[in-house]
Amino acid sequence: MIKFLNVTKQYQEDKMALSDMTVNIDRGEFVFLVGPSGSGKSTFIKLLLKEIDPTIGKIKIDGKDITRISQRKIPHLRRKMGVVFQDFRLLQDKTVYENVAFAMAVINTSPKEIRRQVPNVLALVGISDRANMFPHQLSGGEQQRVAIARAIVNNPSVLIADEPTGNLDPETAWETMKLLKQINRRGTTILMATHAKDIVDMMQQRVIAIENGKIVRDDQKGVYGYED
Amino acid sequence: MAMKTRTIIYSIKQGIKGSWRNRMMSIASITSIASVLMILGIVFMIVININSFSEITKGQFDTIQLDLEDDLSDGDMQNIGKSVKSIDGVKSVYFLSKEKALDNMKKKWGENGYLLEGLQKNPLPNSYVVELMDMRYADEVVKRVKGLQGLEEVRYYKDLVEKILKITDFIRLAGLIVIGVLILISMFVVANTIKLTVIARKKEIGIMKYVGATNWFIRCPFMIEGMILGVMGSAIAIGVISFGYKYVFDLITQKVYVMIAVYMVPAPVFIKSIAIIIAVLGIGIGVLGSIISMRKFLRV
Ligand SMILES: Nc1ncnc2c1ncn2[C@@H]1O[C@H](COP(=O)(O)OP(=O)(O)OP(=O)(O)O)[C@@H](O)[C@H]1O
Ligand SMILES: [Mg+2]
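Quick mapping for you: the protein sequence lines, in order, are chains E and G. The first sequence begins at 3 in this note's numbering and counts up one residue at a time. The second sequence begins at 1478 in this note's numbering and counts up one residue at a time.
I should point out that these hints are in silico values taken from the structure, not numbers from a laboratory. All residues carry an ideal CB built from backbone N, CA and C; glycine is no exception. Incorrect hints may have been included.
Stated by the list, open to error - Cross-link-like lysine-lysine pairs, in silico, BS3-like; alpha carbons within 27 angstroms at most: (1) G/K1575 with G/K1559; (2) G/K1749 with G/K1585; (3) E/K114 with G/K1494; (4) E/K75 with G/K1680; (5) E/K114 with G/K1680.
Claimed, not checked - Residues from chain G that face chain E, not an exhaustive set, calculated with beta carbons under 8 angstroms: (6) K1680; (7) G1683; (8) M1685; (9) Y1687; (10) F1694.
Turn these sequences into a full structure, and let the hints steer you where they fit.
Here you go:
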């Protein structure tokens, strides 16, 4: 469902952030994106979200070349994808419930549907009892759960996470991974950029390793492969 | 349909919230919009009235009007008529009694004619309207007529009208330039006001983009905020200009200058047209200002 075809991204003249990358990710896969700092992981994700466009090459999502779609269609592309960041990006003046409901409201979901769906998702990520709290009253792991709830509440087919465990202690990071795996079992494709060696090694999922903008390794049931 | 309504209600709420959050800047924007629109109103008022004046007086280009003194006998008046008729270049002379003149004025004023009912004494003079055979006789005829006894005033408007038209053109052009500059300034003030809201909601906007909110949905609250500023600025300008014009018009009609009032555009007519112009421009400034403030920000 996600296809990069000879994708090159150059931010500046002489340096390639991604170079001639070709990769294919199928529906329902769980994929780790690993590699040293500056290797191009976030660039990969930004291209997928069409925050940036490739300098050369095609990116296909569900068979459609997203490098060719109009500005106006971008929102509809993004509704297929949920995103989670290292820094959570929750709205501090909204409660947990409101943070999740907000993601539905801004794409015009009916209040009735919002009232039905938000509790489901909060239950799924296991923070129903925190629904009326504000982000600053939550632990990092709980905040990340809220962020994940928000990312999946609109039922995207892909969940993209850029170092989602980067700010979490190992135990909380594991809880988060279990949650992602659970979401993956429901059929959502997961793409996660990470530096967390232990997690990658334990999860036994597909690992795509990037160095200097090139794929150097792509293993099913792979390992992290770097000594940090 | 329900979808649109929800978006609009959401946007209005956010728009009000935004303009309230930056009250001071909002007030500055509203003041700026109101000022430019008031200046526009004043320029419009001057131009439209001078236009009306020249429209009305155009018909008198090739006629000379002789206002007679108030205490003349019928015989005196007839003699004056005969003397005028005998001047070279005069085609015809037509007597306009003061009653007829007042009647004409009432007709011209239309629904405002009632303002003239209250007059205790007809302030208009009896007069002769002199039609010339050709414009080139004008100066000579005017000179000869001025030598006659019993005339209060000789009114010949051609030069005056031309001069006034030139002044109107100038006022219109100068006004247009000043207003243009002021509109740009107030648009800039609005843009900066709304930019503050945009910055305050930066994180929210980022999230909206990631979850796939449409640009229209993201922009709408800011456009509404601009519109709120525009509507409030316009409302103030319309209020001030309408009351101001009414005041001036009433002052002129009810006091000594009835003669001038006939050339003025009646208040309701003026207010209706200026209100529409002010409202459209005010809202336009607000919306354009908000679009400018978001232009750079809303890419991605
Ligand atoms: N907006 C930008 N302008 C210029 N260069 C950029 C920009 N964003 C990224 N780069 C460069 O592109 C390369 C890849 O960056 P990217 O953020 O994709 O790395 P990363 O793999 O996510 O690194 P990290 O693990 O540290 O997050 C780096 O050399 C980076 O300096
Ligand atoms: Mg990165």
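Results for each hint:
Of the pairs offered as hints, the one joining G/K1575 and G/K1559 holds, with about 19 angstroms between alpha carbons and a cut-off of 27 angstroms not exceeded. Taking the CA atoms of G/K1749 and G/K1585, the gap is near 19 angstroms; set against the 27 angstroms cutoff, the hint holds. Distance restraint check for E/K114 and G/K1494: the Cα-Cα separation of roughly 25 angstroms lies within the 27 angstroms cut-off, and the hinted pair is therefore satisfied. With a C-alpha separation of about 22 angstroms, the suggested pairing of E/K75 with G/K1680 holds against the 27 angstroms cut-off.
The straight-line distance between the Cα atoms of E/K114 and G/K1680 is roughly 26 angstroms, inside the 27 angstroms bound, and the hint therefore holds. Interface hint status for G/K1680: upheld, as the beta-carbon distance to the closest one in chain E is roughly 6 angstroms, under 8 angstroms. Checking G/G1683 against chain E by beta carbon gives a least distance of about 7 angstroms; that is within 8 angstroms, so the hint holds. The restraint placing G/M1685 at the interface with chain E holds, with a minimum CB-CB distance near 5 angstroms, inside the 8 angstroms limit.
Taking 8 angstroms as the C-beta cut-off, the interface hint given for G/Y1687 holds, the closest approach to chain E being about 5 angstroms. For the restraint placing G/F1694 at the interface with chain E, the shortest Cβ-Cβ distance is roughly 6 angstroms, inside the 8 angstroms limit, so the hint holds.
No hint from the list above goes unmet by this structure.
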